[in-house]
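Student: Position chain R against the provided structure of chain E, taking the given hints into account.
If you're matching them up, the sequences are chains E and R in order. Here the numbering used here is used: position 63 in the first sequence is 63, and no number is missing along the way. Here the numbering used here is used: position 97 in the second sequence is 1097, and no number is missing along the way.
Keep in mind that the hints are not guaranteed to be accurate.
Output of the computed footprint for chain E on chain R, the stretches with three or more beta carbons under 8 Å from beta carbons of chain E [said to hold, decoys possible]:
(1) 1038–1049
(2) 1098–1112
Heads up, simulated DSSO-like pairs for lysine-lysine below, C-alpha to C-alpha not over 27 Å straight-line [said to hold, decoys possible]:
(3) E/Lys101 - R/Lys1053
(4) R/Lys1038 - E/Lys49
(5) E/Lys42 - E/Lys68
Partner residues aside, some chain E positions facing chain R, computed with beta carbon under 10 Å [said to hold, decoys possible]:
(6) Asn41
(7) Leu44
(8) Gln45
(9) Thr51
(10) Ser52
(11) Asp85
(12) Gly105
(13) Gly107
In case anyone wonders, no lab produced these hints; they're calculated from the structure. The beta-carbon is built from N, C-alpha and C at its ideal position, and this holds for glycine as well.
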Amino acid sequence: AQSVTQLDSHVSVSEGTPVLLRCNYSSSYSPSLFWYVQHPNKGLQLLLKYTSAATLVKGINGFEAEFKKSETSFHLTKPSAHMSDAAEYFCVVTYYNQGGKLIFGQGTELSVKP
Amino acid sequence: DTEVTQTPKHLVMGMTNKKSLKCEQHMGHRAMYWYKQKAKKPPELMFVYSYEKLSINESVPSRFSPECPNSSLLNLHLHALQPEDSALYLCASSLEAFSYNEQFFGPGTRLTVL
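The shape of chain E in the complex, shown without the other chains (with noise of 0.2 Å):
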């Protein structure tokens, strides 16, 4: 069955410190990969998304991540934490001809100290 994998619940870091939120996905079949932000009580936000052009995709808010096939990985990260950067992100894969689903990681709080 296809799934993605974030490997940390929860992230801390210090602001102006580098962020990596971690993910990985399993298929034999070649997907498409995004990265969503949620701020509480607020809807998704896009950060970016992987559609099999550059490996290393840039985003908004500074935020970039690598495409990863031989680690089946998309990793998140942003090289300066800011305060406003604290929220819950998604990794998300969806594949051609699924209907729309998005099969969503269980997500990774992260949060961002003074």
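Tutor: Same frame as chain E, now just chain R:
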């Protein structure tokens, strides 16, 4: 216009009430979705509409009744809900359903069933 709007923001209803949630997008998207999200969990897909026709129902109880009056609007009619139905209900849209397209989410309706 690149957003999905949802009304109301908050809804409190008794188990015998009938209410409706509304979702609207003007991005020309032909796929629209309803999700249910419980606290600290990823969204769970409920329904998918493609070209105004219901294409996926994820075995949702009949007390939830979706409706797509036109390509821009999506409703979710609620009747005889249970307290465990209390959750954040998210609407999303994408260009097409059976593709790699990302989904754009609305801010959600926070539903409380008493």
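Student: Hints first: check each against the structure and report whether it holds.
Tutor: Hints, verified against the model:
1. Counting residues of the region 1038–1049 of chain R whose CB falls under 8 Å from any CB of chain E gives 6; the rule of at least 3 is met.
2. With 12 residues bearing a CB less than 8 Å from a CB of chain E, the region 1098–1112 of chain R meets the requirement of three and the coverage assertion stands.
3. Taken as a hint, the lysine 101 of chain E and lysine 1053 of chain R pair is honoured in the structure, with Cα atoms around 16 Å apart against an allowance of 27 Å.
4. Of the supplied pair hints, the one linking lysine 1038 of chain R and lysine 49 of chain E holds, its CA atoms being roughly 25 Å apart against a limit of 27 Å.
5. A hinted pair counts as satisfied when its Cα atoms are at most 27 Å apart, and lysine 42 of chain E with lysine 68 of chain E does not qualify at roughly 30 Å.
6. Contact between asparagine 41 of chain E and chain R, as hinted, is supported at the beta carbon level, the nearest pair being about 7 Å apart and thus within 10 Å.
7. The interface hint given for leucine 44 of chain E is met, as the beta carbon of that residue sits about 4 Å from the closest beta carbon of chain R, less than 10 Å.
8. At a threshold of 10 Å, the smallest CB-CB gap from glutamine 45 of chain E to chain R is about 7 Å, leaving the interface hint in force.
9. Interface hint status for threonine 51 of chain E: upheld, as the beta-carbon distance to the closest one in chain R is roughly 5 Å, under 10 Å.
10. Checking serine 52 of chain E against chain R: minimum C-beta separation of about 8 Å stays under 10 Å; hint holds.
11. Annotation: aspartate 85 of chain E was flagged as interfacial toward chain R, and the flag is violated, the nearest CB pair being 18 Å apart, outside 10 Å.
12. Checking glycine 105 of chain E against chain R: minimum C-beta separation of about 7 Å stays under 10 Å; hint holds.
13. Proximity of glycine 107 of chain E to chain R holds as hinted, the smallest CB-CB distance being about 6 Å (cut-off 10 Å).
When the structure is compared with the earlier hints, violations turn up for hints 5, 11 and for no others.
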